[in-house]
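Novice: This is what each chain is made of:
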Amino acid sequence: MSLLEWFLDPAHWSGADGIPMQIGVHLFYSAVALALSLLFAVPLGIYIGFTGKGEGIVAGIANALRALPTLGLLVLLFLLLSPVVPGQLVYGIPTVIVLVLLAVPPILTGTYAGIQAADTEAVNAARGMGYSQVQILWFVQLPCALPLLLSGVRSSTLQIVSTATVAAYLGLQGLGRFILDGRAQGDFSQMAAGAILLAALALILELAFIAVGRLIVSPGLQRTTRAPRKIVPTTATAAIRLTAS
Amino acid sequence: MKKLIAISALAAASLLALSGCSGGDPLASAGAGTGSSGDQVIIGSADFTESQLIASIYSEALQAAGVDVKEQFNIGSREVYMEALQDGSIDLIPEYSGALLKYLDTSSTASTTDDVLAELATQLPTGTSLLDHSLAEDKDVLAVTSDTAAKYDLEKISDLAPVAAELSLGGPPEWKTRVNGVIGLVDVYGINFREFVSLDAGGPLTMTALTSGQIQVGDIFSTDPGVTDNDLVVLEDDKSLFAAENVVPVITTAKLDSTIAETLNAVSAQLTTKDLIRMNSEASSGTNLAEIAIAWLTDADLI
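Sequence order for the protein chains is A and B. Start counting the first sequence at 1; every next residue gets the next number (my numbering). Start counting the second sequence at 1001; every next residue gets the next number (my numbering).
The shape of chain A in the complex, shown without the other chains (with noise of 0.2 Å):
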């Protein structure tokens, strides 16, 4: 069967490992561990910004847990929880902690480092006007943090949702069963089919959040580009400018 009558059969895009279904699933993963990812980094960020401590180590340790390789810690997740921890959850839960573990770092870089990076004009403007700390950096700092922050949670969704496909790993639903189980049944359009879905969802996703982006981040922080306003060419102008040049 080739890749495009497997997009075609319709038997593929109903029912509970249909196509509809598995992006739900897989996008369903995705939200859990990035709110969880959201929860804990965040806060954390905010107060490594804002107080300066801890920089090194935290981001130091969350980096370092990083680079564990995720099937593996995957595996051994599974294999310590699953004496303790009943039923289907058993299968969930292993597969959020290394999603979280692979999504807090960039969130938690991106929100102290913007924190950090506020226009000191800005920060000292607003202290000059009588702002307490805790005003500073709610109405000051973390709105100038934002762009960075999300740049964080941007790069965090997209590792997340391109690594859930290892749900798939411990028999949960989600794209990556298409991956997994094509590979397995020697079904390369089903793998392929797998593989570009999730490449699509990723893209829409990125632009979701440039969109995002768009909308709640200060005008002023937007490093937006913009046409340069045309110069209507005049002789002067293109003999001032090639004297400039």
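By construction, these hints were calculated from the structure, which means they are not laboratory data. There's no promise every hint is true.
Only pairs whose alpha carbons sit at most 20 Å apart, straight line, appear in this in silico SDA-like list of lysine to any residue [stated by the list, open to error]: (1) 1176(B) x 185(A); (2) 1176(B) x 186(A); (3) 1151(B) x 1139(B); (4) 1176(B) x 18(A); (5) 1176(B) x 53(A); (6) 1102(B) x 184(A); (7) 1176(B) x 188(A); (8) 1176(B) x 187(A); (9) 1176(B) x 142(A); (10) 1139(B) x 1119(B); (11) 1102(B) x 185(A); (12) 53(A) x 142(A); (13) 1176(B) x 17(A); (14) 1274(B) x 1155(B); (15) 1176(B) x 184(A); (16) 1139(B) x 1118(B); (17) 1176(B) x 181(A).
With chain A fixed as given, assemble chain B onto it according to the hints.
Specialist: Same frame as chain A, now just chain B:
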């Protein structure tokens, strides 16, 4: 810039060195081309412990019988060593009947021990022969914990049919679409499990999920030491869904003489699946394979 040149020179040099390493044919030392000289029998094995273990048993038994042998173990997959057997790089290798038959004839549906061996005899490459098969088998089996077996009164796979709706089955992902897997369980046995969980092929995931109760029925290998360690009950395949995988020596016919045939047939007559489980377990704890082989042969009164 000088540094860059130095680095690339170093990289090129190490690449050359590496390619020098990989250029050697691992079988070349066995005298490929010339084949084994005279009466020497070169024993090969696949690249996993059990195959090497059985090959060690053959080797020690033949040496004790005064045969000149050479060990050329850990060759690779069936695709590689069957080729080596035909070109004379090796002369003898332990095989599994069902898997070898599937390799030689992918359309074969033989499943019982006798059917598989009878078909295998007709499919063997010319110049090679089968000796007697042993009762020892390394095949896919469905296993349950002793608690599950007692609770549902399970002895054979067909006992699962009335209770399967309450049970989850775990196995490798390919089982979902395989006739010798979920499909066959439905078609041949009429067993519909509550769910199928894709795990691994007889590896730690399936074993752990089985012993900790995440799945109630697991596809494992019959010679897995976990069977005895975890007191599992292997369900009898009463409708022969899974092909027999008896251990059987395959030998170059030109090398076969009565001493070799008698020695290896005596080994096959005594080797059992239980023996393989025990020896696999010893091997996984790090005991030398030759030592295990000699101990088994001594116990069996063969040397």
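Novice: List, from low to high, the hint numbers that the structure doesn't satisfy.
Specialist: Hint check: 3, 5 and 9 fail, others pass.
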